[in-house]
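J.: Quick note: the sequence shown uses the UniProt record's numbering, first residue 1, plus one each step.
Mixed in with the good hints, there may be bad ones.
[Unchecked claim] Once the Cα atoms are required to be at most 25 Å apart in a straight line, the calculated PhoX-like pairs of lysine-lysine come out as:
1. K182 <-> K108
2. K321 <-> K338
3. K112 <-> K75
4. K920 <-> K971
In case anyone wonders, no lab produced these hints; they're calculated from the structure.
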Amino acid sequence: MACESAFSAIMDEQALMGLNPNADACYRQRALAYFEQLKESQDGWEVCAEALAKGVYSDDHVKFFCFQVLEHQIKYRHVRLTGPQQQLIRETLMKWLQLQLMSAHPEKPFIKNKAAQVFALTFVMEYLTLWPKFFFDVLSLVGLNPHGLDIYLRTLMAIDAEVVDRDILHTPEETRRNTLIKDRMRETCIPALVESWYQILQTYQRSHSELTCQCLEVVGAYVSWIDLNLIANDRFVNLLLSHMSVEELREEACDCLFEIVNKGMDPVDKTKLVESLSRVLRNAGFFSVKQEEDVDFLAKFSRLVNGMGQALVLSWTRLTKAADMKVAAETLQALEAKIPLMLQLLMHEDDDISANIVGFCYDYLHVLKQLPVLTDQQKSNIEAIMLAVMKKLTYDDEYNFENEGEDEAMFVEYRKQLKMLLDRLAHVSPELLLESVHRVFTSTMQSWQTARFMEVEVAIRLFYMLGEALPASHGAHFSGDTTKASTLQDMMRTLLSSGVSEYQHTSVTLEFFETVVRYDKFFIVEPQHIPVVLMAFLDHRGLRHSSPKVRSRVAYLFSRFIKTLHKHMNAYIEDILSRIQDLLALTPPENGFPALLSSDDQLFMFETAGILIVNGESPADRKQVLMRSLLTPLMEAFRPLLAKLAQESDEERQTALADCLGHAVGFASRTSKAFSNKQTVRLCGCSGVYLDCLQTFLPALSCPVQRATLRSAVRSFLHRMIICLEEEVLPFIPSASEHMLKDCEPKDLQEFIPLISQITAKFKSQVSPFLQQVFMPLVLAIFEVLSRPAEENDQTAALEKQMLRRSYFSFIQTIASSGMNEVMANQGAENIERVLFTIIQGAVDFPDPVAQKTCFIILSRLVELWGGKDGLVGFPDFIYKHILPACFLAPLKPSFDLSDAQTVLTLSECTLTLKMIHLKRGPEFIQFLQQEYLPSLHVSPEITQELCQVLQQPDTKVLKNYMKAFFQQAKL
């Protein structure tokens, strides 16, 4: 083609101008089009190759562009290139590399990285066939030239990413190819590569630290799959250790040694390696952690020691399993020798250094747990780890409690790691942990007035953590083990009597309340302490604390406390209710006062109030009075707010008012969670109050604005009332349904259907007249919404329709399975037919296995109800014309994926439908299959006979397996 021959002569200079990030949009567009043109052309890329080989362009963006074009050719079109073209790529790369050796100005890193990628891709494509001498060619060209070595090392890392990196997903074919490449490299060039690394590390350790660091990274990456003896030998390790003393190299050298230690090996060899490395590091003074001021290096060193320790643990475990006790004992000795160093690193004030050694500590404790008897030294090690954990759990002065950022988040994560250690300590030596925490806690509580906040907080925190670390018998810590129970009781008494709840720091206050609730069963054993704690919850220390964060958390914790101890609250109920009265007030948006609690926090308060009222020992009439006084303010506030909303035109104010109304309904709803099978609404005399609430809230359904918020709140309340009020709620359902079915959106309908399904399942025949009345209006509303046109690519609308369709089928299923066939049977022949056709359509036409499964369940149930001799008139005809074909057409659809678990469940229901037809229609059905239906599908007489025989067997499992095999075969 003419345009292609033009390519080989000269590049489009104007298009290249668009490569500059600051270029005009039209130039950038042109550059993009030019890139696509060059990529797709058969030989247009050759002009880029020429430009690179001759160093035609000095502009970085153009050079990068040329490499991108070349990369595309190698990646996607390599097999289509001719021999000379493949040769051209090899020559281009080597000529470009030659230019780097002579250049006084090295390329920018982003160009070198892209070049390395292209080298690596070429290597992967050609090493096994066309370019076996790849490394020898590159090495003989670059020699010890630093610019050339830079590209060589980057290429090795790019090859590692393509061939070795386990985080990158590869196809089975790529994995096989990568294995062959590694095998070939091990056979032919790895010793030469290792020698080149040694030369680089030795030659440039003083003059080119960046190059040396790059080389260390390469060694670390490759050591996992090459012969370790090439690296783990005296000359190499001594060189690496000399790098540990060079400031610019030490971190990378540490990482490299870590990778060497991490390599999978025989346990005996691994122990020898770790021990020889350990000896050299100790002799070189690296174990003197306190003298080291470079925390970044120490973090890397800590990671290395962690790797060494975990390697020894793994060796010990494997040797113990193999019953090689002598060598296992030597390995354990080697392991124990590292513990002082481990403790120094764990105790280090820098959390990164400490965090990097936690894995070793954890594994070491696991080893101790398995030993039959512990030595005094091992017990001492456990205690030292325990003290280190206690110390490291402490907050520092810089922690920002009011505005927690990244540093704070990291400390929280680090604390979680320490908690794991504490739990492991509890497994190894629960008595020691209990005793240590008791000692620290008691001494801190004696002097909390003069102690710093972090000391007080961590003392209470440790007490809290004990509850999770030590196993509780029967869900409580105050029964079973008497030593533990009495120690924990003693600590609880100290916590409550010390006055520490008055400490003026949010972290201490929160820890106090968290711990009180953690050990709430204590108050069942010693209820005399309840008043003290209640006052702390209710005054300036808890719900009226100056910090919103504390108030919010305490609202939740208070509800948990009351839930557990409601049987012990009788004497305090009315006092608590009067003290929290202002916290239960609905805050209208216009009053301008900031509320003490958010509406979410108030939900917990209303639930708490409900639990106190319902579970008290007062007679029913007193409970009714208390519940009415709790809910009447909500009803009184609701009416005027609703009237105001209906007239409000400002959208922001509308939203605020609707939210407030929603909260009022939510609060009332939450109080009902207090009722149970023993304490029902009726027994507590509270039916009237909730019926009044219903009367008050239902008008919100016809409010013309903010419908989504209001409907959602009222619908949730109705769900609760159906559970709590039983049939007393029924008179309200028709008008509520009528309002909710007006001007429906898909989401409204989808959320309304579960309500109707709940009523159907709960009240069955009691609501049959109402259901018969509402059935078709509801179904028609669903049809209308489903038939609305939507944008072709509107994923949200498509998903909403799918969910609505599922809800609709679930509703029909609820009616069918509740034995209320008269609801559908009384809709008139035309309407029944419409509904039935939607179920057939759902079973066959929509590729949604969840909905399809439901449809087949419905069809099976309808066949059971109406398919017999005295069933619905005309239904047997419908079975043969529509239900039976659906059972075959659905599984034959291309979208019916029999490798998908959900679809297999659908097939199972489809098979049960066939079984049900046979059950109801008997030999007539078999005859129809044999003589009419299966022949119409061109099923052979042999298969037809076989299928009919299996269908008549009683074992449905055999039938299910047969039908699956039948459709798998039919779809081939």
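J.: Would you check the hint for K112 and K75, treating anything up to 25 Å between C-alpha atoms as holding?
T.: 18 Å, holds
J.: Need the status of pair K182, K108: alpha-carbon distance at most 25 Å?
T.: 30 Å, violated
J.: Is the hinted pair K920 and K971 satisfied, with a Cα-Cα distance of at most 25 Å?
T.: 29 Å, violated
J.: Does the structure keep K321 and K338 at a Cα separation of 25 Å or less?
T.: 22 Å, holds
The structure does not agree with the numbered hints 1 and 4 stated previously, though it agrees with the rest.
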